[in-house]
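The lines below spell out each chain.
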Amino acid sequence: MFRREWRQQVVVLVLLSLTVAAAVFSAIAAYNIASPISANVGNADHRITLASPDAGLLTSVAADLTTKYAPTETIWHAQLPVPGSVESVDLRAEDPQGSLSAPLLALDAGRYPIKPGEVALTNGVAATFGLAVGGKLAIQNDSWTVVGLVENPTDLGDEFVLTLPGDRRATQSVDLLVVGHDDVLHQSANSIRQFQTKEGVTGFSQSRGASDRGAAVISTLALDTVALLLVSLVAAAAFVVVAQRRLRQFGMLAAMGATNRQLRLVTIAHGLLAGLVSAVVGTGIGLIAWFGWSSRLESMANHRIDRGDIPWFLLVAGVALALLTTTAASWWPARTTARVPVVTALSGRPPRPKRAHRSALVAVVFLAMGFVCLAIGIDKTGHAKVIPVIAGLIAIVLGILFLCPIAIRALAAATNRLPIAARLAMRDLARYQARAAAALAAISLGLGIAFTAIIVSTAATPKATGGNLSDRQLLVRLGDNQVIPEQTPAQLAQLESTIAQFAAGLGGAVVYPLDAATSSPEAIAASGAPALIDPLGRPGQPIVGLAHRIPNGIEMSGGDMLYVATPEFLARAGVDISTIDPSAEVITSATGDLVLADIEPIKIRPEDMPAAAVQTIRDPGYTDQPKTFLTESALRSHGWVRVRAGWFIEADHAITSQQRADARDLAARSGLTVVARNTKRGLYVTRLIATAAGMLLALGILAMTIGLIRGEAGRDLQTLTATGATSSARRMLTAATAAALALLGSLLGLVGGYIGLIGGYQDNLKPLAPVPIGYLAVVVFGLPIVAGAVAWLVGGREPPVLARRALE
Amino acid sequence: MSVPHALLALLSEGPTFGLRLRQEFEARTGEVWPLNVGQVYTTLQRLERDGLVESDEEGADGSQKRYRITAAGATELATWLHTPPDTALPPRDELIIKVLVSLRLPGVDLHEVLQVHRRHFVEAMQHCTQIKARATDDDLELALVADAELFRLDAVVRWLDAADSRLKRRPVRKPDEVAVSSPRSARKATVWG
Amino acid sequence: MTGVIELRGVSKVYGSGAAEVHALRDIDLTVGTGELVAVMGPSGSGKSTLLTIAGSLEDPSDGEVLIDGLLLSAMSRNDRARLRRRSIGYVFQDFNLLAGLTAAENVTLPLELDGIGSKAARVLGLQALVALGLDGHADRFPDELSGGERQRVAIARALVGDRHVLLADEPTGALDSANGEAVMRLLRSAAEGGVAGIIVTHDAQLASWADRVVFLRDGRIVDQTARPASAESLLVPGPSS
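Chains as they are written, first to last, in the numbering used here: chain B, 206 to 1013; chain Z, 1444 to 1636; chain R, 530 to 770.
I should point out that these hints are in silico values taken from the structure, not numbers from a laboratory.
These numbers come from a predicted model, not from an experiment.
C-beta: ideal position from N, C-alpha, C; glycine also.
Any given hint might turn out to be false.
Derived, one-sided and incomplete: chain R residues facing chain B with beta-carbon distance under 7 angstroms [claimed, not checked]:
1. L586
2. M604
3. N607
4. L638
5. G646
6. V659
7. E721
Pulled from the structure, derived: some chain R residues nowhere near chain B, Cβ distances all over 10 angstroms [unchecked claim]:
8. S545
9. A603
10. R606
11. A610
12. I617
13. P639
14. S647
15. G702
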């Protein structure tokens, strides 16, 4: 028996250590994979990008700004065409010794260019041109010698040709890296804003944004906490068994003179040691794994990872957490069983469990604490604070742990009418309360996670009346929200007929052509703005858009697409034409300080731009359905031009997935994009996976712990056989135990999960309203059945050497 | 078995006639130990001689002599009741002698000898138990006596078992070896006193 | 003669080769209806093994066991289990009560395993407990009972319902003489009701309650007592001290 104990102990310790190792590794990895800072800004605080077809103008503007915002560094760019292809490659003049731009450049092979006529390539460009160090790069009339291979460590996908600062070809655009001047350049979220400069130069600015390292670390730590708790609970069950068995063995030693106190100390010390060892060993393994594998994570992260960049503070916190859970798991059971007088333990009877109402009180306290912590820790927008979230998780798990004995006893009391074998199984669960409670808490935790995943993904699923489009609608777009590619009339006619054909094939479909507004060709030419390219690389015209005015600029990204209003579409959108104010320029459901923005604002400062005259309409409810319109009168008064931007198709039936696929094919062939209803299929899959994974996890924990719980029942099995029980009675014992634990685990997991979720969603409970009854029922009813069935099949072994042992 | 003391005990309950004494005695002892009348009267005379008992004169109408206990008799009775028998000497047991003698006799299977006796005693115990089983709750005396016999026989059977296991463990010795040493005979002498 | 319990040429060997142990050698034993047989012998004589083999808990290495005239070796495992549920009452040396069940539930265990409803079973269980003087303890758990009380619960379990084979291993070991005698009276009356029983013991007083005492040594039956003739008096001539 001693040997069996050793093997089990080692398994548990290994499990604990590996969990700690995985926690440590994942925390460091998450921290490093998350993008540290905005990849384009380097060590600076802001980056201003200027572009102009007039190289001289650009140079002087850049020089002015360099002085104004000193100290700055500049990186000059030009787009060089790749011979024999429509693509182009970025010629970049950057000083490798620049302090602000240092993070953006690293040398892989060879050396940096030091003389005119030398360049270094990134390996993507080298592959495109088929060059290596020492080769010659020839583009148009120029030729350079390749002296080295370089990379952008913060963005491994960035491909460019590095040349000397001052290369006369690199004059199309320039990046200015600026430090400070936050008041002017307005450090805020990672969006690109227009930057005001001289006429003839377009400018954009970008600030160093907040890194999303924090969020990555929080979610990893939360997952690690859960994993640690799970494994610790299983370990606790195992340690209870060991501690109780040990005391019985020690009882005999006590007769030989060892004092009670010495024996207890040994048991407790053993528990403490186990916890410490697994925490320390686990941390060691995790760190070693990190140093070994960190380089492999670079391609996943798309940036270089510094092996030594270990968040020591977080690591210490994580290790402390691991220490806490593993030591508690090993030491607490030892302490509680050691408190039992050795004489009682000698008798083989498990210690009498504590009163029920004390456990209940503690449970309620912990659950309340968990609720409060999660309510504090997760705010309205879904952002989470590390410490409250993790504290909340631990508190809820502890609360459920203290509910477990009560649940077990309640079940044992409620099952008095069951057949004898099932009744015995329930009573045995109540008798071996400590280990059963730990095992049950582990199962509840596992299922609680699964339930949370199911409920959250249900909450995130758009309901029938929400989403981006209804299931009968398709939005076909030419270009994107900023650029419409130029189309010849013939090309446009071709597109129109293709769309019409497709719509006819849909059956009962109405096609609403959508136009956008652009500046007139003369205005574009006069402004000197550079040519714009659409996502497919075709030259196009800039669209007039509706933007929000913000301090020092206008916010264009994320706005609704502005279409020119047509009576048909307005009618379809449910807008009564007679109610439209003749002086209105924009009909929209958006609100706020809105301005119409085209290429003109390059000349006008944002604060001088006139507010658009807006007529507000009801939001149609679908996010991608056109709901922002420019009136005809505004179009004329500003001198803008209509250009076909897309088509809105509405069928009389739900569009099948085959039809969706056909639409996508059509779009790919014609250079269009198609938007259909987002089925959020991913979330459906998430729910399925969560259900299956949760059940598998619970079954796994059951398999590990049922041996612990029924392991002491050897004598009982012999008695049962002697009084005439067949194998079905024996199977019933294991099956009933498994089913009971599965059922209680589901219910407790549900309780814990909902307490946590209600705490987290406490500001807005509406998303939780649709309860995924189907999935939950499958687990709550299905898991006990499956667990019972599996246990029935597996648990029928006849106890060996039956009667002799009992009778000796 | 002390008949005089038993009679004293009976008399301590009250004066009575000799014949009655005999009846009482037999009734009280479950009729296990029958006494004859002569034995009763002889004992009574001896008690009277020792001053533990006194008697009335024979009645004129031919009724029996009445005996009663004296103060000295009462003291003697009390002393007797509270004094356990002398356990200094081991009983001169025929069985023990048989076993001791057979230890050295050639051609004797001692285990068989022990088993014969064991069976016999157990049969006797079966008999005793049968009687006890049939005794009703009122038959306190019968039960006490039966128990006394059972425990006595049980003790012998247990000794037989102990002897059996000692014999199993003893080193094998040739029958014609005579191990005589002074210390051993001296020990024997003290035992038998 | 056919009896309720028959062992014919039963032998039992444990282990193999050099470590072979012959627990029983060629045992012939027949117990008839209403007969109580005691098996006495020193430890290691094989008496416990005899009991487990008679109770179908172990198979003999050689020979046959018959209960009610049925060959145990010819029965399936389920049939033997049924036999143990319905016909055989077994008293283990260490009682072997299930700690998770109350005294009454322990007593009715074979009945409930047999499918008898818990209400009906409880009636029979209480009868057995009353016979053993435990009616007040019916709903206590074994760890709330004294050793003697637990032993009596185990005996009640062996007598519950109308089983007619009783196999008991030191059934009065934990009892004082008053309780022990009460138990033996009960077993005797059960025998009078038709129960055939084998009682294994090293206690001669206990064995003396049997109709026949069989002596076991080194796995063989070496002797047995005769059935005592009914006698009126204790005065049987025999060896006296």
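Structure-based check of all given hints:
no., hint, in the structure
1, L586, "holds, 4 angstroms"
2, M604, "violated, 12 angstroms"
3, N607, "holds, 6 angstroms"
4, L638, "holds, 5 angstroms"
5, G646, "violated, 10 angstroms"
6, V659, "violated, 21 angstroms"
7, E721, "violated, 25 angstroms"
8, S545, "holds, 15 angstroms"
9, A603, "holds, 18 angstroms"
10, R606, "violated, 7 angstroms"
11, A610, "violated, 5 angstroms"
12, I617, "violated, 8 angstroms"
13, P639, "violated, 5 angstroms"
14, S647, "violated, 7 angstroms"
15, G702, "holds, 12 angstroms"
Violated hints for the displayed structure, listed by number in ascending order: 2, 5, 6, 7, 10, 11, 12, 13 and 14.
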